[in-house]
Amino acid sequence: MKQNAIRRYTGVRNRGINPQGFHVSQLKFYVLLLPLSVVMILPIIFIFSSAFKPPDELFAYPPQFFVVNPTLKNFTDLFSKLSTSGIPVSRYLFNSIVITLATMTASILVSSAAAYSLSKKRFKLKRALFAINNLALMFVPIAVTIPRFLVIERLSLLNTFWVHVLPVLAMPVGLFLIKQFIDGIPDEVIEAAQIDGASDWWIYWRIILPMIRPAIATIGILTFQAAWNNAEISTLYVNDESLRTLAFYLSTLTTTTTGANAVAGQGVAAAAALIMFLPNLIIFIFLQRQVMSTMSHSGLK
Amino acid sequence: MPIRGSFQHWLKKEGSAYAFLSFYGILFIVFIVVPVLAAFLLSFTFFDAIQAPRFLGLDNYISLVTQDDTFMKYVLPNTIQFAVIVGPGGYAFAFMLAWVLAQLPKLPRTIFALILYSPSMTAGVAMAVVWKALFSGDQTGYLNAFLMGTGLLQQPIQWLQSPQYLMTIMIIVSLWSSMGIGFLAMLAGILEISPELYEAAAMDGMSSRWQEIFYITIPSMKPQMLFGAVMSIVGAFQAGSIGVTLSGSNPTPQYAGQLIVNHIEDYGFLRYEMGYAAAVSVVLLLMVLFFTRLATRLFGSER
Numbered sequence: 004m005k006q007n008a009i010r011r012y013t014g015v016r017n018r019g020i021n022p023q024g025f026h027v028s029q030l031k032f033y034v035l036l037l038p039l040s041v042v043m044i045l046p047i048i049f050i051f052s053s054a055f056k057p058p059d060e061l062f063a064y065p066p067q068f069f070v071v072n073p074t075l076k077n078f079t080d081l082f083s084k085l086s087t088s089g090i091p092v093s094r095y096l097f098n099s100i101v102i103t104l105a106t107m108t109a110s111i112l113v114s115s116a117a118a119y120s121l122s123k124k125r126f127k128l129k130r131a132l133f134a135i136n137n138l139a140l141m142f143v144p145i146a147v148t149i150p151r152f153l154v155i156e157r158l159s160l161l162n163t164f165w166v167h168v169l170p171v172l173a174m175p176v177g178l179f180l181i182k183q184f185i186d187g188i189p190d191e192v193i194e195a196a197q198i199d200g201a202s203d204w205w206i207y208w209r210i211i212l213p214m215i216r217p218a219i220a221t222i223g224i225l226t227f228q229a230a231w232n233n234a235e236i237s238t239l240y241v242n243d244e245s246l247r248t249l250a251f252y253l254s255t256l257t258t259t260t261t262g263a264n265a266v267a268g269q270g271v272a273a274a275a276a277l278i279m280f281l282p283n284l285i286i287f288i289f290l291q292r293q294v295m296s297t298m299s300h301s302g303l304k
Numbered sequence: 032m033p034i035r036g037s038f039q040h041w042l043k044k045e046g047s048a049y050a051f052l053s054f055y056g057i058l059f060i061v062f063i064v065v066p067v068l069a070a071f072l073l074s075f076t077f078f079d080a081i082q083a084p085r086f087l088g089l090d091n092y093i094s095l096v097t098q099d100d101t102f103m104k105y106v107l108p109n110t111i112q113f114a115v116i117v118g119p120g121g122y123a124f125a126f127m128l129a130w131v132l133a134q135l136p137k138l139p140r141t142i143f144a145l146i147l148y149s150p151s152m153t154a155g156v157a158m159a160v161v162w163k164a165l166f167s168g169d170q171t172g173y174l175n176a177f178l179m180g181t182g183l184l185q186q187p188i189q190w191l192q193s194p195q196y197l198m199t200i201m202i203i204v205s206l207w208s209s210m211g212i213g214f215l216a217m218l219a220g221i222l223e224i225s226p227e228l229y230e231a232a233a234m235d236g237m238s239s240r241w242q243e244i245f246y247i248t249i250p251s252m253k254p255q256m257l258f259g260a261v262m263s264i265v266g267a268f269q270a271g272s273i274g275v276t277l278s279g280s281n282p283t284p285q286y287a288g289q290l291i292v293n294h295i296e297d298y299g300f301l302r303y304e305m306g307y308a309a310a311v312s313v314v315l316l317l318m319v320l321f322f323t324r325l326a327t328r329l330f331g332s333e334r
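Protein sequence lines correspond, in order, to chains A and B.
To convert, count from 1 in the first sequence and add 3; that's my numbering.
To convert, count from 1 in the second sequence and add 31; that's my numbering.
Keep in mind that the hints were calculated from the coordinates and are not lab data.
Just so you know, these numbers come straight off a predicted model, no measurement behind them.
We put the CB at the ideal spot given by N, CA and C, even for glycine.
Hints are supplied without guarantee of correctness; some may be wrong.
[What the hints assert, rightly or not] No farther apart than 20 angstroms at their CA atoms in a straight line, the calculated lysine-lysine pairs in the PhoX-like style are these: (1) K137/B / K124/A; (2) K43/B / K129/A; (3) K304/A / K253/B; (4) K31/A / K137/B; (5) K304/A / K129/A; (6) K127/A / K137/B; (7) K124/A / K44/B; (8) K44/B / K127/A; (9) K129/A / K44/B.
[What the hints assert, rightly or not] Listed below are several chain B residues computed to face chain A (Cβ distance under 8 angstroms; list not exhaustive): (10) L58; (11) F62; (12) F143.
Could you put together the complete structure from these sequences and hints?
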């Protein structure tokens, strides 16, 4: 028994944590994971499948899960459609793209600069400020929607482009992850640059940012998800229809549960849902390696 | 001029640190600190967003506990039931899956992780389309069609409109999307543990994988466990809009899926009793704080 256990870890490591290759003992995990993954991914496949369904398949009885005669009609319908207030859907999509790109860029710069300061600079309040940010990890934005509304109103940010961007930027989890990642960069690197006479900004821009690419990718994804999927800001803080996002438009399609709109809108909603979902997936697939390497620094002490 | 001198000294020494922090700091104060303080202050007032707030003392809290039947009868029990199952339940589920994934080689691990993570990529908005079709109330709904096809059901059920099913569906949907960032953190944490620790334990005669999990894996990755726990707790309390999204109405049918977040919206944005809504917000923030303290007790390294 003991001999077995020892061999398990000393031979070619195909058993135990993080194996190099396949081993029979892994079969039980596949048996567990395969059905579970099917359940997990079915709703996702459903998004793809129903976006390409023609109307008779969307309302078929009994309902069909997979599309039989795929069509792009739902997408052409979506983009030829005007919302109830006369705004073309492409406008919502355009807003979403601009808002998301602006938020991602700003979030990466703002959080990484703050993280650099909290990780590598020396100042009295450093530990206290980091502790406050850690406390804010528990912050539930949805709880303070109303006071936030009052603040946003006071700052006359209602009905502006900025109301989409600014509240999302203060993302404690993003700062936390980047700060932990920068902690992994040895101080000597920065000291060497300082001896060579490099300024703080130069160090931040030329040393820190290139070295924390994985963390940047991670916060980029988190911000992307926060901005791209955000329907609340459009609902609560924006009355001007031409400034609202695709997520908001989709939420108006799905909240009408009854009536003609619900029937006519289902194909369009399915197409919009796919457009909402797909970028999330593509970005994550491309950046998953960076995300995982950031996550190994994610420990909260 | 010693004062000016010391200010200049400070500016030289710590100025750039604060300069780097400034943007984040300002946004943090404006959109997190001020709203939390404002919620706290407003919770002691009557405020309808038209007239200036009127000080009420603890009245809001007292009526929350003594007079708000909806809160005590539906919202609080619902929230606790939902948060306990989705929070710790989803968390345990996420840890278990992360551990299982760590037993596989890189390629299958990455593929499975992607599949498990993908539900939490997209928020309720896009998924509402799916759930509405799956749980649709007429016979074209997938669940109804399936159950009627197998003969288990004679009449279609209005899943999302029936008080007895709504909560269960909310929990299933939330668990489905609970393999989020905490799950990834725990997966990374498990993979980071040095194999030598396991080797040493095996030398000492540890042979069961359960022992390994409880004596090596979890203690070696406490920080990631805590991070995952905080993310699960916040996620569980944050996920309030799910019931309203699914049923399409606030309040949800017979308050069956009414969570504390919906209660806040109900009072704040539908009835304009913002002082009262603020008191409910404070209760919500305190609940999150309480549960994260509990998690810190379990996994924290300080104290």
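Looking back at the numbered hints, which does the structure fail to meet, lowest number first?
1 and 6
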